[in-house]
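Visitor: So you can see what is in the structure, the chains are spelled out below.
2 protein chains.
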Amino acid sequence: MIPTIEWRGKTVRMIDQRKLPGKIEWYTCKGYKDVIKAIEKMVIRGAPAIGVAAGMGLALGALSIRVRSYEKFKDRFEEMAGRMVKARPTAVNLRWAVERMSLLVDAMAGKDVEETQRALKKESETILAEDIDINRKIGKNGQRLIPKKATILTHCNAGSLATGGYGTALGVVRAAHEAGKKGEVIADETRPWFQGLRLTAFELMEDGIPVTVITDNAAGSLMYQNKIDLVITGADRIAANGDVANKIGTYQVAVLAKENKIPFYVAAPLSTIDMGIKSGDMIPVEERQPKEISHFRNYEIGPSGVKILNPAFDITPNKYVTAIITEKGIAKSPYKAAIKRLFKK
Amino acid sequence: MIPTIEWRGKTVRMIDQRKLPGKIEWYTCKGYKDVIKAIEKMVIRGAPAIGVAAGMGLALGALSIRVRSYEKFKDRFEEMAGRMVKARPTAVNLRWAVERMSLLVDAMAGKDVEETQRALKKESETILAEDIDINRKIGKNGQRLIPKKATILTHCNAGSLATGGYGTALGVVRAAHEAGKKGEVIADETRPWFQGLRLTAFELMEDGIPVTVITDNAAGSLMYQNKIDLVITGADRIAANGDVANKIGTYQVAVLAKENKIPFYVAAPLSTIDMGIKSGDMIPVEERQPKEISHFRNYEIGPSGVKILNPAFDITPNKYVTAIITEKGIAKSPYKAAIKRLFKK
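Protein chains in written order, with the numbering used here: chain A, 31 to 375; chain B, 31 to 375.
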């Protein structure tokens, strides 16, 4: 599997996910502004991957600060952090990573600037390594919920490409396969970006895990025909009460799963849980450009000037969520207490 | 509004709906096989429009039969009818129109071949005119269900282009507008063919009715946010118990409407109701080419060789349907009795 993102000398490079799977192309970031742009433009996407990118981006930015005093360094760093955190609003992992990097700068108070810079670069590498490790733990915890033979529906891409590696939802699928279970995946194509068709199918085919792509419209019908055994998705932000913000369309899949008595699981690291947000309706939902829907590449699909509404995420109330799978264990309803317990582990 | 389909001298021509709205191009059929191809390839689509096309296609075929005896004519005609009826399996209007044309041939027993040919051409024109008239009646009946100010979600295109003209679901929207109601439409883009983005938005913009396009993934979220007042779709076949076969994704919209306590209406002519089919699970659902999903025009979106499942329709059980709006009135649950009553009117 190609790495999602990595240090390459004094630059950070990432696979340009807008071009997958047709082209495997590196997008090289020389400064933190390149990373912000990459996040905004969805060169890299997926909540955990955005977190890793933000960490690396700030380390990259820190390396470019040419001052001698810690105070001046900290000022400049905080300015960069303030910009980085605004790159995309919904995935909380971005803010989480920025705060983690800022805390490290605080902890280095009085230290040499170069030492701080080195520490920040190292921290960004740690975030990446930890993310992969966390995903493997999520996989291990989650695969216990997967029957020996199951058809698993997933929405969007919560795989290796959405994370430092291995994946959250697809991490559970991978762990089930590693445990010898015969899982097969149905991937929603996931409009408007086609992450299911372009990324999830690509990843799973590379790994030799059977995958079939459907339009987002067909998921419910397959559930109604008893052709789906369980649903598993990632998350962009989870509120303290277990409400889940995730790729637009997730709410629908969850409602349809409940209506058809199919378990709906969410796999995500604790860094996706925002304890400062009581419920899903307080999570900011990003609205993106109409062109993502009205055009395919540069071809205009619909009538010129058509009005488009393009929310990138939706909120799934906790009552539709069968369980949230994290690296620290599995939370079930009542979520508020269950999530609190995970953080104490 | 451009006509969906019309006679043009000795040919039948239709707007090539695959190319809308970018190109307004006529597709001219010189023989019945051209019409079959046009239906198969979705040059023309929408259950009532397919019915009209089948009628015109058979009239076109009949005109090409060069025999003197009625018996020989009938044999040749029945062969054509047998081919026509197989063009697409789900929309029952196709079979309905073929049977209507065949019955006319039966009724002309012993008559002159030329007279029969003329009668068939005239019958195909009658089917078209009746369809427009029926849609206006559906509109009139249905608009009573529309509040003075409403945001109406629709899926696929059940408009002028899906019928002889005016439309079924969009006929209701048009009638509401003509009655001075301030309706605004949210159109699902409707993958994989984008009928919502390409056709519904195009039609409504031409008519000056406000329309906003969303991905199919966003419909549920808007309902959850109380941004949709009612849903209205067309149908490709309705079983005697009120189960509805319609464009893939309709089932999902109906379940989500019910979950969010929003009325879900189906607008269709009686010719869409198949009294020979007891329930939805007996309706044949067409599966179409993977390329409709894996490619956009000739551009391959996903990984080469990816497995795709492409059902073109789904079944919505009657329990999710608030009412079925027809030219003879409105049917509500219990549907079996209500539908029977409509046929007796």
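Just so you know, these hints were derived from the structure itself, not from any lab. Where hints are given, some of them may not hold.
As the list makes no split between identical chains, a pair holds if one copy fits it or if it spans any two.
[What the hints assert, rightly or not] List time: in silico EDC-like cross-link candidates among lysine to aspartate or glutamate, alpha-carbon distance up to 16 Å: (1) K337 to E214; (2) K257 to D311; (3) K152 to E316; (4) K337 to E236; (5) K53 to E330; (6) K141 to E160; (7) K49 to E330; (8) K349 to E109; (9) K349 to E289; (10) K337 to D237; (11) K104 to E129; (12) K40 to E144; (13) K170 to E144; (14) K288 to E36; (15) K337 to E108; (16) K40 to E330; (17) K71 to E322; (18) K167 to E317; (19) K178 to E236; (20) K308 to E214; (21) K53 to D142; (22) K362 to E109.
Visitor: Hints first: check each against the structure and report whether it holds.
Guide: Taking the hints in turn, this is what the structure says about them:
1. K337 to E214: between (38 Å within a copy, 12 Å between copies)
2. K257 to D311: Between. Shortest inter-copy distance 15 Å satisfies the 16 Å Cα cut-off; intra-copy 32 Å does not.
3. K152 to E316: neither (31 Å within a copy, 56 Å between copies)
4. K337 to E236: Classified as between; 13 Å across copies, 38 Å inside a copy.
5. K53 to E330: Classified as between: cross-chain Cα gap 11 Å, same-chain 22 Å, threshold 16 Å.
6. K141 to E160: neither (25 Å within a copy, 85 Å between copies)
7. K49 to E330: between (19 Å within a copy, 11 Å between copies)
8. K349 to E109: Neither, since 40 Å and 57 Å both go past 16 Å.
9. K349 to E289: For K349 and E289, both the intra-copy (12 Å) and inter-copy (13 Å) Cα distances are at most 16 Å.
10. K337 to D237: between (40 Å within a copy, 15 Å between copies)
11. K104 to E129: within (13 Å within a copy, 81 Å between copies)
12. K40 to E144: Within one copy only: 14 Å inside a chain, 85 Å across chains, cut-off 16 Å.
13. K170 to E144: Neither way: K170 and E144 sit 39 Å apart in one copy and 77 Å across, limit 16 Å.
14. K288 to E36: Result: close neither inside a copy nor across copies, 39 Å intra and 47 Å inter.
15. K337 to E108: Cα proximity of K337 and E108: none, with 38 Å in one copy and 48 Å across.
16. K40 to E330: Classified as neither: same-chain Cα gap 40 Å, cross-chain 35 Å, threshold 16 Å.
17. K71 to E322: For K71 and E322, the Cα distance is within 16 Å only inside one copy (11 Å; across copies 27 Å).
18. K167 to E317: Neither: 32 Å inside a copy, 40 Å across copies.
19. K178 to E236: Close neither inside one copy (22 Å) nor across copies (54 Å); limit 16 Å.
20. K308 to E214: neither (35 Å within a copy, 34 Å between copies)
21. K53 to D142: neither (43 Å within a copy, 65 Å between copies)
22. K362 to E109: neither (39 Å within a copy, 62 Å between copies)
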